[in-house]
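Peer 1: Please work from the sequences and hints to get the whole structure.
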Amino acid sequence: MKDANLFQLGIGLETGAQEEDTARGFTAANTDTVLPCDMLARDVLDEDRDDHFIRRDGAVFAGTHLIIEVVNGHGLDDEARIQQAFRDCVETCGATLLHIHTHKFSPQGVSGVAVLAESHISVHTWPEIGYGAFDVFMCGDARPWLAVDVLKSAFGTADVRVKELLRGEDVVTEAGIAA
1 MKDANLFQLG IGLETGAQEE DTARGFTAAN TDTVLPCDML ARDVLDEDRD
51 DHFIRRDGAV FAGTHLIIEV VNGHGLDDEA RIQQAFRDCV ETCGATLLHI
101 HTHKFSPQGV SGVAVLAESH ISVHTWPEIG YGAFDVFMCG DARPWLAVDV
151 LKSAFGTADV RVKELLRGED VVTEAGIAA
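Mapping to the UniProt record's numbering: the sequence shown position 126 is 126, numbers consecutive.
Any given hint could turn out to be false.
Label pairs and their computed distance ranges (CB to CB) [claimed, not checked]:
#1 Asp-46 <-> Lys-152: 32 to 38 Å
#2 Thr-96 <-> Asp-149: 19 to 25 Å
#3 Thr-96 <-> Asp-57: 21 to 27 Å
#4 His-103 <-> Asp-43: 32 to 38 Å
#5 Ala-175 <-> Phe-105: 37 to 43 Å
#6 Leu-45 <-> Gln-83: 29 to 35 Å
#7 Thr-92 <-> Glu-69: 16 to 22 Å
#8 His-101 <-> Glu-169: 28 to 34 Å
#9 Arg-87 <-> Asp-43: 28 to 34 Å
#10 Gln-83 <-> Gly-58: 35 to 41 Å
#11 Ala-133 <-> Leu-45: 30 to 36 Å
#12 His-124 <-> Gly-176: 36 to 42 Å
#13 Glu-91 <-> Glu-128: 26 to 32 Å
#14 Leu-165 <-> Asp-46: 20 to 26 Å
Mimicking EDC-like on lysine to aspartate or glutamate, the simulated pairs with C-alpha atoms at most 16 Å apart in a straight line are [stated by the list, open to error]:
#15 Lys-152 <-> Asp-88
#16 Lys-152 <-> Glu-69
#17 Lys-104 <-> Asp-78
#18 Lys-163 <-> Glu-69
#19 Lys-152 <-> Asp-135
#20 Lys-104 <-> Glu-79
#21 Lys-104 <-> Glu-128
#22 Lys-163 <-> Asp-135
#23 Lys-163 <-> Asp-149
Because the hints were derived from the structure by calculation, they are not lab data.
Don't be surprised by glycine CBs; every beta carbon is placed ideally from N, CA and C.
Peer 2: Quick look at the structure:
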């Protein structure tokens with residue numbers, strides 16, 4: 001593949017992810033080490049990790065995933081506005097932004113993702129009908145529900161519909177991680 005095509009796919013982008021892994025103590029030299037399963041289970045609860053599992057109301061889960069539908073929104077074809085909405089969501093929710101990538105379609109529409117230390121925010125828009133399909137998935141101490149008001153304000157609508165998923169809840173139980 002040509003380098004330009006690889007860039008379009010996001011391959012070979014310098015994001016600093018390797019530096020972050022090194023800072024957390026994960027290097028190529030020690031990734032071959034196999035840890036006992038109980039060591040791994042304890043690690044997902046380590047609150048020093050940005051993406052630590054969450055304990056709430058007796059449940060333990062990977063994170064909160066909000067499926068957010070922006071209806072009758074304005075500016076959903078504006079790539080810069082969407083990028084700013086991502087940044088505002090990240091700041092308001094207390095998350096850590098690693099990278100934003102968006103793509104504007106012709107004649108209209110935008111897709112994008114904000115990669116976070118705590119997971120991601122993504123979107124695809126259909127501005128011709130005022131609709132934006134957002135996903136906000138956050139682990140750790142981030143507060144994803146705060147993104148709802150940010151998106152209402154960013155796209156000038158009160159009609160925002162939300163569904164919540166607690167990601168990894170069953171997996172955590174199967175792995176034997178105690179609440």
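Peer 1: Of the numbered hints stated earlier in the document, which are not met by this structure?
Peer 2: none
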